[in-house]
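2 protein chains.
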Amino acid sequence: MKKVGIAILGLGVVGGGTYRILTKNREFYQRTQEVDLVVESVLEPDAAKLKALGVAPEEIASNIAEVVCNPDVNIIVECIGGTEVAREYVLAALNVGKTVVTSNKELYCKYSHELERAAKRQNAGLYYEASCVGGVPIIRTLLDGVQSNRIESMMGIINGTTNYILTKMSESGAAYEDVLKEAQALGYAEADPDVDVEGYDAAYKLSILASLAFHTKVPFTKVFREGITGISPEDIENGKSLGYRMKLLAIGKQTHEGIEVRVHPAFVRKDHPLASVGGSFNAIFLSGDSVGDVMLYGKGAGEFPTGSAIVSDIIYAATHSENKYSPFKNTATADKGVRFVSDFRSAYYMRLTVTDRTGVLSKIAAVFGKNNISILEMIQRGCEEDEKATIVIVTHETHEAAIRNAVSKLNASDIAKVESILRVAL
Amino acid sequence: MKKVGIAILGLGVVGGGTYRILTKNREFYQRTQEVDLVVESVLEPDAAKLKALGVAPEEIASNIAEVVCNPDVNIIVECIGGTEVAREYVLAALNVGKTVVTSNKELYCKYSHELERAAKRQNAGLYYEASCVGGVPIIRTLLDGVQSNRIESMMGIINGTTNYILTKMSESGAAYEDVLKEAQALGYAEADPDVDVEGYDAAYKLSILASLAFHTKVPFTKVFREGITGISPEDIENGKSLGYRMKLLAIGKQTHEGIEVRVHPAFVRKDHPLASVGGSFNAIFLSGDSVGDVMLYGKGAGEFPTGSAIVSDIIYAATHSENKYSPFKNTATADKGVRFVSDFRSAYYMRLTVTDRTGVLSKIAAVFGKNNISILEMIQRGCEEDEKATIVIVTHETHEAAIRNAVSKLNASDIAKVESILRVAL
Chain A
1 MKKVGIAILG
11 LGVVGGGTYR
21 ILTKNREFYQ
31 RTQEVDLVVE
41 SVLEPDAAKL
51 KALGVAPEEI
61 ASNIAEVVCN
71 PDVNIIVECI
81 GGTEVAREYV
91 LAALNVGKTV
101 VTSNKELYCK
111 YSHELERAAK
121 RQNAGLYYEA
131 SCVGGVPIIR
141 TLLDGVQSNR
151 IESMMGIING
161 TTNYILTKMS
171 ESGAAYEDVL
181 KEAQALGYAE
191 ADPDVDVEGY
201 DAAYKLSILA
211 SLAFHTKVPF
221 TKVFREGITG
231 ISPEDIENGK
241 SLGYRMKLLA
251 IGKQTHEGIE
261 VRVHPAFVRK
271 DHPLASVGGS
281 FNAIFLSGDS
291 VGDVMLYGKG
301 AGEFPTGSAI
311 VSDIIYAATH
321 SENKYSPFKN
331 TATADKGVRF
341 VSDFRSAYYM
351 RLTVTDRTGV
361 LSKIAAVFGK
371 NNISILEMIQ
381 RGCEEDEKAT
391 IVIVTHETHE
401 AAIRNAVSKL
411 NASDIAKVES
421 ILRVAL
Chain B
1 MKKVGIAILG
11 LGVVGGGTYR
21 ILTKNREFYQ
31 RTQEVDLVVE
41 SVLEPDAAKL
51 KALGVAPEEI
61 ASNIAEVVCN
71 PDVNIIVECI
81 GGTEVAREYV
91 LAALNVGKTV
101 VTSNKELYCK
111 YSHELERAAK
121 RQNAGLYYEA
131 SCVGGVPIIR
141 TLLDGVQSNR
151 IESMMGIING
161 TTNYILTKMS
171 ESGAAYEDVL
181 KEAQALGYAE
191 ADPDVDVEGY
201 DAAYKLSILA
211 SLAFHTKVPF
221 TKVFREGITG
231 ISPEDIENGK
241 SLGYRMKLLA
251 IGKQTHEGIE
261 VRVHPAFVRK
271 DHPLASVGGS
281 FNAIFLSGDS
291 VGDVMLYGKG
301 AGEFPTGSAI
311 VSDIIYAATH
321 SENKYSPFKN
331 TATADKGVRF
341 VSDFRSAYYM
351 RLTVTDRTGV
361 LSKIAAVFGK
371 NNISILEMIQ
381 RGCEEDEKAT
391 IVIVTHETHE
401 AAIRNAVSKL
411 NASDIAKVES
421 ILRVAL
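Heads up: the protein sequence lines correspond to chains A and B, in order. Each residue of the first sequence is one higher than the one before, starting from 1 at the first, in this note's numbering. Each residue of the second sequence is one higher than the one before, starting from 1 at the first, in this note's numbering.
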């Protein structure tokens, strides 16, 4: 039986999960995959982590050189995180021809061109399923499952932390800050939550997935990004009463005008399959020219779901003799010929405060009309105390630029104040 | 660029869709997959079908020998259907070492051992993604996406015709026979609908998927099968009022007691992801020991979704040099050591008619109690005219044998008549 030696760099949540799966299922993989996956080497400075997992002394490496020079190691799993040490170690591994499996979305998103160049030079494998949407095999699906399709669009909930926060806000009516604190206490959000709540994490993943789906490098810098910190319970509640759920969406489209990639909060209709993806679950919806709509759903993070993706990559690498690279020219920046759409189209939700009711609606309608924006639905609520009223408007699809123009016109006038504006994925 | 010659046997719905996709996307595959997929040969006796697709005269073969002996043909796509001619032609192709891609679930389910033996002997590829759940890449996912997992269970809606009928019955309250006629008129059901409505189609697919998931041959004959012809609008309505939706489910489980495979109608809770899979959509829910729950959702049939699966298999075969076979001993019957569970556990829905109300409930409860069946919920409805009442009971999970025993006890007594009994997937 073919024996394949594994090294794991970093025994944090994901590295630890990977170690546990490989150890527990070794016999199972011998039987079902006809391959013996043996953990030969672990690089982890924290002795407590090594002890907790019961790593044998002979498996413990003291530095990266020891790992990459170990002739028994065929596949190196990077679970360090960040882009400094991880990048250095991954390049060291690839440069000696070792296959690398990584869960590091930031690293792969920012340095895929460099890593892939090193891998190609040595004919080493480079796998990164675990970098996107945890255990959900979305990258394998794009490469080997729906690769016969021109992918026209993708729309996903691909960050667990923000989905947990928005689901909780929707259920409890609590404010963002309070739910964030609760999520931090439970370990669902980091002490410094910006990577998640400002949409960076989702944007890294979208950059990777859109590159694969659209067969050209879609750099992180091309992803329009807006986080969830400004979402108010009032807007979530208004949306609910109109039949919508609030989600942080990652959207990628390939149209005649070019590629459109964006991460932002948006309302989705409550009967859309993505609307019922709650808590820490993730899902991604693809549309292909032949297959039509396909959705993949599952746990987006966690030691075992993400470990599952890593070990599936290890098995794939161990049982396929060819190393395949990205099906496009992997570059640091976008190819010159590729156009990106910045003035994208969307439907919009808008909450306005108006003071004087007489003639206000017609004035608002006039501003919308001048910008070619047509209204899908509207709610008006009076507030007796201060003679102010709240108007909630959902528009038909229109250009982002038109909405921005209408908002600044309204705010500059004495007609209405735009309290919030959110996109609606119809 | 590598050129790969394709032959298509049968230009029906799926064969025609495959031809169209290959023709339309040839340049796209050259660019994105670095492979030139050329339709070299088509075997189809119906001249009208050849004409409708604009097949060039030089592509038209007059018999199977011409196709399999054509040195320009590398991959043969079987879209004939049935198990006689298709089996003969597929074996002829494999016996000369041609790779075969098939959408034929009945053929693969019944003869996988024979086909795989022929393929192995000649080191030919054998691909069958299109045989299960149309464009949804469930087979690729089991083989290359979640293969690091011990799959504990799968539960799916994997037949479009029955899902269409049950969705329509649920929406309109119409009777089975009327909805079937409508589905036949619209082309969603065959003139002879038994393969679909009696659950054979789903059982073929479940046999294939369970074999892959559980790493051992799960023969069709081991699949417990019950169709939807006995489903009444009354039961669908009762289920709705209790928060359930009626679906034809394919269920596979791997437990300590053995493998459990069954196809039957069942109620699922309305908030379960499968409950909202309507019309001709299909979905399959997997639980793995590491990844947890994963769901794949998409179109289960149709020329382009199924064509997408075929062309994805063609690309996979054309871009991977190794031919892999089933990760288990492929045999005609189950391996001797494998146990199958026939007395499975489920929750149950039961509709009873009772005549005399006094003491009836306690008598029914006694029958349930004696069989160790506990009741989850109950509705009683009086019917004034004939002094009969309807009682609807949903039980906790119990053994199928216990329920059958309770039903025969009730029917043999003068306490109550069991009008219908349905399983509930809690």
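Each hint should be verified, as a subset may be incorrect.
[Claimed, not checked] Among chain A residues calculated to face chain B with C-beta under 10 Å, some are: (1) I64; (2) A175; (3) V294; (4) M295.
The set of hints was computed from the structure by calculation and includes no laboratory data. Values in this document were obtained by computation on a predicted structure and should not be read as measured data. Beta carbons are placed, not taken as given, at the ideal position from N, Cα and C, and that holds for glycine.
- Message: Need the list of violated hint numbers for this structure, in ascending order.
- Response: Failing hints, ascending: 1, 2.
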